[in-house]
Amino acid sequence: MSETPNLVLFQCQWCLFAPADQEWVDTQLPENIHHAKVPCTGRINPLYLLNAVQGGADGVMVSGCLPEQCHFKTGNIAARRQLDEFSDYLDHIGYEQDRIRFLWLDLQDRGIIQKELAAFEAQITALGPARNLATRAAQKAGGANA
Amino acid sequence: MPDLDALKAEAKRVLDEGIVEIVIGFKAGDTPLHPQPAFFRSAAEVDQLVYGALCQNNLATYLTRQPKTQKIGMLVRGCENRSINALAFEGQHARENLYLIGIPCEGIIDWRKIVEQTGEEVISVVEQSDNTILVEAMSGYYTLEKASVLHESCARCIHPNPVSADVVIGEPLPEGNPAMAREKVEAFAGLPTQERTAWFRQEAERCIRCYACREACPMCYCEECFVDHITPRWTESGTTPAGMQGWHIVRAFHQTGRCTSCGACERACPMDIKMTYLTEKLNDDMRQKYGFEVGMDPTVPPPFSTVTLDDKSRFVI
Numbered sequence: 009m010s011e012t013p014n015l016v017l018f019q020c021q022w023c024l025f026a027p028a029d030q031e032w033v034d035t036q037l038p039e040n041i042h043h044a045k046v047p048c049t050g051r052i053n054p055l056y057l058l059n060a061v062q063g064g065a066d067g068v069m070v071s072g073c074l075p076e077q078c079h080f081k082t083g084n085i086a087a088r089r090q091l092d093e094f095s096d097y098l099d100h101i102g103y104e105q106d107r108i109r110f111l112w113l114d115l116q117d118r119g120i121i122q123k124e125l126a127a128f129e130a131q132i133t134a135l136g137p138a139r140n141l142a143t144r145a146a147q148k149a150g151g152a153n154a
Numbered sequence: 296m297p298d299l300d301a302l303k304a305e306a307k308r309v310l311d312e313g314i315v316e317i318v319i320g321f322k323a324g325d326t327p328l329h330p331q332p333a334f335f336r337s338a339a340e341v342d343q344l345v346y347g348a349l350c351q352n353n354l355a356t357y358l359t360r361q362p363k364t365q366k367i368g369m370l371v372r373g374c375e376n377r378s379i380n381a382l383a384f385e386g387q388h389a390r391e392n393l394y395l396i397g398i399p400c401e402g403i404i405d406w407r408k409i410v411e412q413t414g415e416e417v418i419s420v421v422e423q424s425d426n427t428i429l430v431e432a433m434s435g436y437y438t439l440e441k442a443s444v445l446h447e448s449c450a451r452c453i454h455p456n457p458v459s460a461d462v463v464i465g466e467p468l469p470e471g472n473p474a475m476a477r478e479k480v481e482a483f484a485g486l487p488t489q490e491r492t493a494w495f496r497q498e499a500e501r502c503i504r505c506y507a508c509r510e511a512c513p514m515c516y517c518e519e520c521f522v523d524h525i526t527p528r529w530t531e532s533g534t535t536p537a538g539m540q541g542w543h544i545v546r547a548f549h550q551t552g553r554c555t556s557c558g559a560c561e562r563a564c565p566m567d568i569k570m571t572y573l574t575e576k577l578n579d580d581m582r583q584k585y586g587f588e589v590g591m592d593p594t595v596p597p598p599f600s601t602v603t604l605d606d607k608s609r610f611v612i
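In the order they appear, the protein sequences are chains A and B.
Counting the first sequence from 1 gives a position; the working numbering is that position plus 8.
Counting the second sequence from 1 gives a position; the working numbering is that position plus 295.
Quick caveat, the hints were computed from the structure, so don't treat them as lab data.
If you're wondering where the values come from, they're calculated on a predicted model, not measured in any experiment.
Incorrect hints may have been included.
[As the list claims (entries may be wrong)] Not the full set, but computed from the structure, chain B residues with beta-carbon under 10 Å of chain A:
hint	residue
1	Phe483
2	Thr492
3	Phe495
4	Arg496
5	Glu531
6	His543
7	Val545
8	Lys576
9	Met581
10	Lys584
11	Tyr585
12	Thr603
13	Leu604
14	Asp606
[Unchecked claim] Partial list, computed: chain B residues near chain A (C-beta under 10 Å):
hint	residue
15	Thr535
16	Met539
17	Ile544
[Said to hold, decoys possible] Here are some chain B residues the structure puts well away from chain A; computed CB gaps all over 10 Å:
hint	residue
18	Asp325
19	Val463
20	Ala563
Where is the CB? At the ideal position from N, CA and C, for every residue including glycine.
Kindly generate the complete structure, drawing on both the sequences and the hints.
Pasting the structure below:
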């Protein structure tokens, strides 16, 4: 395998309240981490996770605000039911549940995102590349997108 | 088996009295193995009505294709009744515009299991009172145990009785055992990851993308399905491995908390692809995690359309 796993980070735009953290994520994220910033965890459709999985992600991380601290009151809790079930369901057919991690971020947590990403990357490296489910054809090979 | 004459009499009565404009049921099809769904608009047409264990469609699928204000009468079994409740909750049809003629269901026969034993050319199928069926085929006469040819979804059915029919014709049947329904899900979940993936790939990658499962399913009524969506293209639309897998993953996931385990998707599949091992898993999760049973109580919202702060105890470590 390539030594560095492909990761996707879905990040709620409100949870990284510390400007230094957001700055780091926006500008200095390692190249193997694909960053998707969404207005709220509630905006994340399970299809987004499928898109990441079929796009060749070895691991997917979803960060969101703590319950009761959602900018839109209940977006994070509402999304969690679906996303949690979707990751459980993907595990059922072969995309291990360890490859999808949900992260609750407190507004006061500073510097935690870098540690969490490093820990997640180590975990995915130990698991190896995800090969169980088929991935899309790349665009240059005539695939639909990505 | 309900009394066919009683069914016809009830269908004629509701049409004659103007309670409904149309009755949806079954009539004899092109072959004895395939009775087909039929729309009866007058009492005279109702004479063609048939009902039997080979009536394999889920009639609730026609509900979303009729005008919402139309008064519809429908023959419903347990699964169809629960589908209708779920559809009514989603605002697809007003329950007061429906007249449901309930039938306690003894299970639907999988015609493929008959054909396996008798060959393709079947002349007639007669259900006998002692839970056997007599099949006359070109290759001879066969007496088959009904239990041995039931569709898998029906063999592990939990709720065979209609739950909110206006009239029930026939004696109520005993409820099924939820533990038996779980057995298959647990057996599959107990397999190593590689075997589960191998099974999933083997099933999903036979798909020819005809979407018969979507058409047969009462809960698949979206104006535009996610696979038909072009910008963004959610998953490949051709018969590529990723496209076929994406379709099977999301088709089943969109039924979470909505699927009544009727098995119409599997029966409709021309490639004989198994799909209920996916929807059963999701249904089982809804039962275990949220205590939700689809369509049993039309006032209870499905887990994915409601939010409680109690969830945080489960998700926050």
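Task: Hint check, Asp606 of chain B versus chain A [nearest Cβ-Cβ separation less than 10 Å] - done: Cβ of Asp606 of chain B sits 5 Å from chain A, so the hint holds.
Open item on the list: The hint names Met539 of chain B as touching chain A; please verify it with the least Cβ-Cβ distance against 10 Å.
Closed with: 8 Å, holds
Open item on the list: Under 10 Å is the threshold here; is the Cβ of Phe495 of chain B close enough to any Cβ of chain A for the hint to stand?
Closed with: 4 Å, holds
Open item on the list: Quick check on Val545 of chain B please, does its C-beta sit within 10 Å of some C-beta on chain A?
Closed with: With a minimum Cβ separation of about 6 Å from chain A (threshold 10 Å), the hint on Val545 of chain B holds.
- [ ] Please settle this one: Ala563 of chain B was flagged as non-interface, so is its CB more than 10 Å from every CB on chain A?
- [x] With a cut-off of 10 Å, Ala563 of chain B remains clear of chain A, as the shortest Cβ separation is near 21 Å.
Open item on the list: Confirm or reject: Val463 of chain B is not an interface residue toward chain A, with every Cβ-Cβ distance exceeding 10 Å.
Closed with: Answer for Val463 of chain B: holds, closest chain A Cβ roughly 34 Å.
- [ ] Report holds or violated for the interface hint on His543 of chain B, using the least CB-CB distance to chain A and a cut-off of 10 Å.
- [x] OK, holds: His543 of chain B within 10 Å of chain A, min 9 Å.
Open item on the list: Is the interface hint satisfied for Leu604 of chain B? The criterion is a beta-carbon contact with chain A at less than 10 Å.
Closed with: 6 Å, holds
TODO: For the hint on Thr535 of chain B, just tell me whether its beta-carbon gets within less than 10 Å of chain A.
DONE: 7 Å, holds
Task: Restraint check, 10 Å cut-off on beta carbons, for Thr492 of chain B near chain A - done: Because about 3 Å separates Thr492 of chain B from the closest Cβ in chain A, which is inside the 10 Å limit, the hint holds.
Task: Restraint satisfaction for Phe483 of chain B [CB to CB of chain A, less than 10 Å] - done: 8 Å, holds
TODO: Would you assess whether Asp325 of chain B, listed as outside the interface, keeps its beta-carbon beyond 10 Å of every beta-carbon in chain A?
DONE: Non-interface label stands for Asp325 of chain B: nearest chain A Cβ at 37 Å, farther than 10 Å.
In the structure shown, no violation is registered for any of the earlier numbered hints.
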